[in-house]
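**Student:** If you want the building blocks of each chain, they are given just below.
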Amino acid sequence: MSNGQFEPRLVGFLCNWCSYTGADLAGTARMIYAPNVRIIRVMCSGRVDPQFVLKAFKEGADGVLISGCHPGDCHYQEGNYKALRRYKLLSKMLEQFGIEKERFRLEWVSAAEGIKFQAVCNEFTEQIRKLGPLNIGPNGGKHE
Amino acid sequence: MSSAKPKVAFYWCASCGGCEESIVDLAEDILKVVAAVDIVFWPVALDFKKKDVEAMADGSIAVSFINGAVRLSEQEEMAKLLRRKSQLVVAHGSCSHLGGIPGLGNFWNKETIFRRAYETTPSTDNPKKVVPLEKTVVDGKELTLPRFYDTVYALDQVIDVDYYLPGCAPPRDLILNAVSAILEGKLPPKGAVLSPNKSLCDDCDRNESKPDKLTIKEIKRPWEVMLDPEKCFLAQGVICMGPATRTGCGERCIEANMPCRGCFGPTDQVYDQGAKFLSALASIMETKDEKEMDKIVQSIVDPAGTFYRFSLPTSILARKRMEAIK
Amino acid sequence: MSRRITIDPITRLEGHGKIEIFLNDQGDVDRAILQIPELRGFEQFAVGRPVEEMPRIMPRICGVCPTAHHMAATKAADAVFHVEPTPTARKIRELIYNTFMMEDHTLHFFFLGGPDFVVGPQAPAAERNILGVIGKVGLEIGGKVIRVRRECRDIINYLAGKVIHPVCGLPGGVSKGLDEEHRVQFLETAKFAVEFAQFALQIFNDVVLKNKEYVDIVVGDAYKIKTYYMGLVDGNNKVNFYDGAVRVVTPEGKEFAKFKPSEYLDHISEHVEPWSYIKFPFLKKVGWKGFVEGNDSGIYRVAPLARLNVSDGMATPLAQKEHDRMYETLGGKPVHNTLAFHWARLIEALQAAETMVQLLEDKSITDTNIRNIPTKTPTEGVGIVEAPRGVLIHHYKTDERGIIQEANLIVATVHNAPAINMSIEKAAKAFIKGGNVSEGLLNMAEMAFRPYDPCHACGTHALPGDMPLIINVYDKNGELIKKLKR
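As you go down the protein sequences, you meet chains A, B and C in turn.
If you're matching positions, the first sequence starts at 1 in our numbering and goes up one per residue.
If you're matching positions, the second sequence starts at 1001 in our numbering and goes up one per residue.
If you're matching positions, the third sequence starts at 2001 in our numbering and goes up one per residue.
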């Protein structure tokens, strides 16, 4: 925690071919950006099972990001469209759980878009900082 | 009473009584079962009291069948008591297995439920806002009620459970098989759900009517369309939880021409039934056009309440965020 | 020395309950209170759900009378969508409903309420159950009861998917129709059901009415309270389980109110006490005066005796004859003797069975037009049916997409909650005196709630010890297919 302010804990599922490479580019170019996103590499954004997203929130994430190739560029043809459809439905469902739309995000970041990745991380972090901690924490299942 | 016969107990937590009825629906077959066991506790039918159970030696009950979710402190106490006194505990029915329909209360909390029941319902006449209390005094006499929790729990969230009998209510074949397995000592490894580990679609008569590539262009609610009694519901655009639901029920709802709502819970490989179904549904929403996607998502009116109809307490998130409840 | 006796849990009924009996220094009963320690919150968690899912969610209120909740929810959904079921769909719903009433009622008599009479109220606990009943009246009955129950439930299983939590109701109709083959098969069951219902009434006559000791208990003061009565009646003011107007009569039997389901809020209010999770309904126009009887108290009763009391008679001929016999025997309408609920219940079972026959003899029930697709915008609606245990009210308010915004439920047994409390206290005061609290006397107090059949006819197999039992199992042709001995 810096300066006693709330530091959002964010989880990012990044696809191997585009987004992870794009994030890597941001790193090798020594770009400075918020360090709050914990990155998990998957082969395709379409690999992200909704259970992963729920688990991330349950384990303490204040926000979850999925990032993949731009529509039309998916290494596996249509995996990112599947991710998009899942994202829209999951986003709607999460609201019924009291998890605000802003906490769950889908972005298209290509291998060349280090700058975009930097912007997404900064923006997401500040947005969640304003929203505050999610507080559903890992102690669920244990009862009163 | 012969002391060589195994002792059996039945108890209900936050229950509707349907699982008790499912035992009665064994009809003639109940007699073979009853001849082989000693029922030592069954509030719906026999007059044994809680103190009778407390007086038994720990582990002296061979198997306790506990149905119902845990919503009140008394239910948790009874579950723990029976756990101590039993060698095996079977979670009987959807409520104890997954949380069940009462689990839908996890979109709310005690305050909102009480406020609705005792204050804001239009027929309630309660200007002084009286609510049930854990302790009250009437004419100088103290009366107690068990505590109502904010959250509903499945049985294995409060005690260790050995086996699960799924269904709302479990069908008679499943119950008979389970009871025979117990009496003969031929049980699968601890923790098993006592029904085959495949999805409903595998056994459903309508499976063959599915096109090679199943796609949904539009979701229809059951009241909006004439339901074709031979075609897969998903192929008709009607949400059916079959793909994410364990088989074993005999597809009773499907036979009555209504779609599955998932009461058997998921197969072994799945943590969260609702999330898995969401994934399956998104996969067959065959469009690359974002506007069309939005339209389809719009037509799914209650994703959480539909996909988690029976399994909310045992889902990954388990309940709606408390701070978000008004 | 004052004493407190707690009966916890009360048994041989649905759900959770405990009775607290407080004795004064003389050992007489000062107060007896029935507390219901359970609540699940259906009225709140219905919010946000689509209204057409209510017929699939609401039956989970009760696994013994799920069909009642299913039907009330379906009718409320009809009302929300401003749509009527097709004539055939209505007939199918009525068939399912009357079949359910018939099997539920007869089961209660043989397994729950009946044993108190047939075997005797102070008989040893081990005999006060179905085995004791069979011991008294013969073994063939066990087989007949199991058969009629199974066959009736097969009808419901076929048409509604599952008898525990049926699924077929949709706003505007039902999801599955009846073909000719099954119509003929079910008609046989219906005719057997009529026979069985008459047979049950005969048993009641032979075992209860011919026994002076029992008749004295039935007509005695210990089990009598003077209240208003409420029930559904058809256009001719005859008893109807599926549909109609709600009628209320005074303790003298005069019509006090008659209203459409949508008007229920003008007539019924619910009172809250801090010592129970259940609420206590009363007539709004009379007011809540506490747990007291009489014309000035808004307390009313529902369920079999009440339905007969408010009506001008039964809707079917054989049941009408039995109805007349009961009122002749007990001195005219209305009857206030609580134990007469058991008698009225069997008369209703007969009407339900006769109605099953009427519906199944009408070939138009096999018509395939079973759905009206709703076209109007959903808003708000009330559905009322007579559950075996009384008036059942489902009220939903939705948004323009049919998503529930508010739900209100007044569930059968709840209407009787004030009366049950009063009945228990009265019986306890009558039988428990001078500190003498035997198990048999406590059962006399419990007999005060059983006539109301508080929502759980999970009549079942209390089979203690070594009583021999032979069950003859007959197939639908009356052939003996199995003989079970233990």
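One thing to keep in mind: the hints can contain errors.
Said to hold, decoys possible - Below, a list of computed lysine-lysine pairs in the DSSO-like style, where the Cα atoms sit at most 30 Å apart:
1) B/K1213 with A/K92
2) B/K1231 with B/K1210
3) C/K2212 with C/K2258
4) C/K2363 with C/K2176
5) B/K1128 with C/K2254
6) B/K1135 with C/K2363
7) C/K2254 with A/K92
8) B/K1231 with B/K1217
9) A/K92 with B/K1231
10) C/K2376 with C/K2018
11) B/K1005 with B/K1051
12) A/K55 with B/K1128
13) A/K88 with B/K1295
14) C/K2176 with C/K2226
15) C/K2397 with C/K2258
16) A/K88 with B/K1050
17) C/K2018 with B/K1231
18) C/K2226 with B/K1110
19) C/K2397 with C/K2018
20) B/K1198 with B/K1129
Worth flagging that the hints you see were computed from the coordinates, not collected in a lab.
**Student:** Next, verify each hint and record whether it holds.
**Tutor:** Results for each hint:
1. B/K1213 with A/K92: With Cα atoms ~26 Å apart, B/K1213 and A/K92 stay inside 30 Å; holds.
2. B/K1231 with B/K1210: holds (7 Å)
3. C/K2212 with C/K2258: With Cα atoms ~38 Å apart, C/K2212 and C/K2258 exceed 30 Å; violated.
4. C/K2363 with C/K2176: Holds, at about 16 Å.
5. B/K1128 with C/K2254: Between B/K1128 and C/K2254 the Cα gap is close to 34 Å, so the pair fails against 30 Å, i.e. violated.
6. B/K1135 with C/K2363: Outside the cut-off at roughly 59 Å; violated.
7. C/K2254 with A/K92: violated (56 Å)
8. B/K1231 with B/K1217: The given pair, whose Cα atoms are some 16 Å apart, holds under the 30 Å limit.
9. A/K92 with B/K1231: Holds: A/K92 and B/K1231 sit about 29 Å apart, inside 30 Å.
10. C/K2376 with C/K2018: Answer violated: C/K2376 to C/K2018 is near 47 Å, above 30 Å.
11. B/K1005 with B/K1051: holds (22 Å)
12. A/K55 with B/K1128: Violated, at roughly 44 Å.
13. A/K88 with B/K1295: holds (11 Å)
14. C/K2176 with C/K2226: The given pair, whose Cα atoms are some 45 Å apart, is violated under the 30 Å limit.
15. C/K2397 with C/K2258: The hint holds at about 23 Å.
16. A/K88 with B/K1050: Between A/K88 and B/K1050 the Cα gap is close to 51 Å, so the pair fails against 30 Å, i.e. violated.
17. C/K2018 with B/K1231: Cα-Cα ~50 Å, so violated.
18. C/K2226 with B/K1110: violated (37 Å)
19. C/K2397 with C/K2018: violated (35 Å)
20. B/K1198 with B/K1129: With a Cα-Cα distance of about 50 Å, the restraint between B/K1198 and B/K1129 is violated, given a limit of 30 Å.
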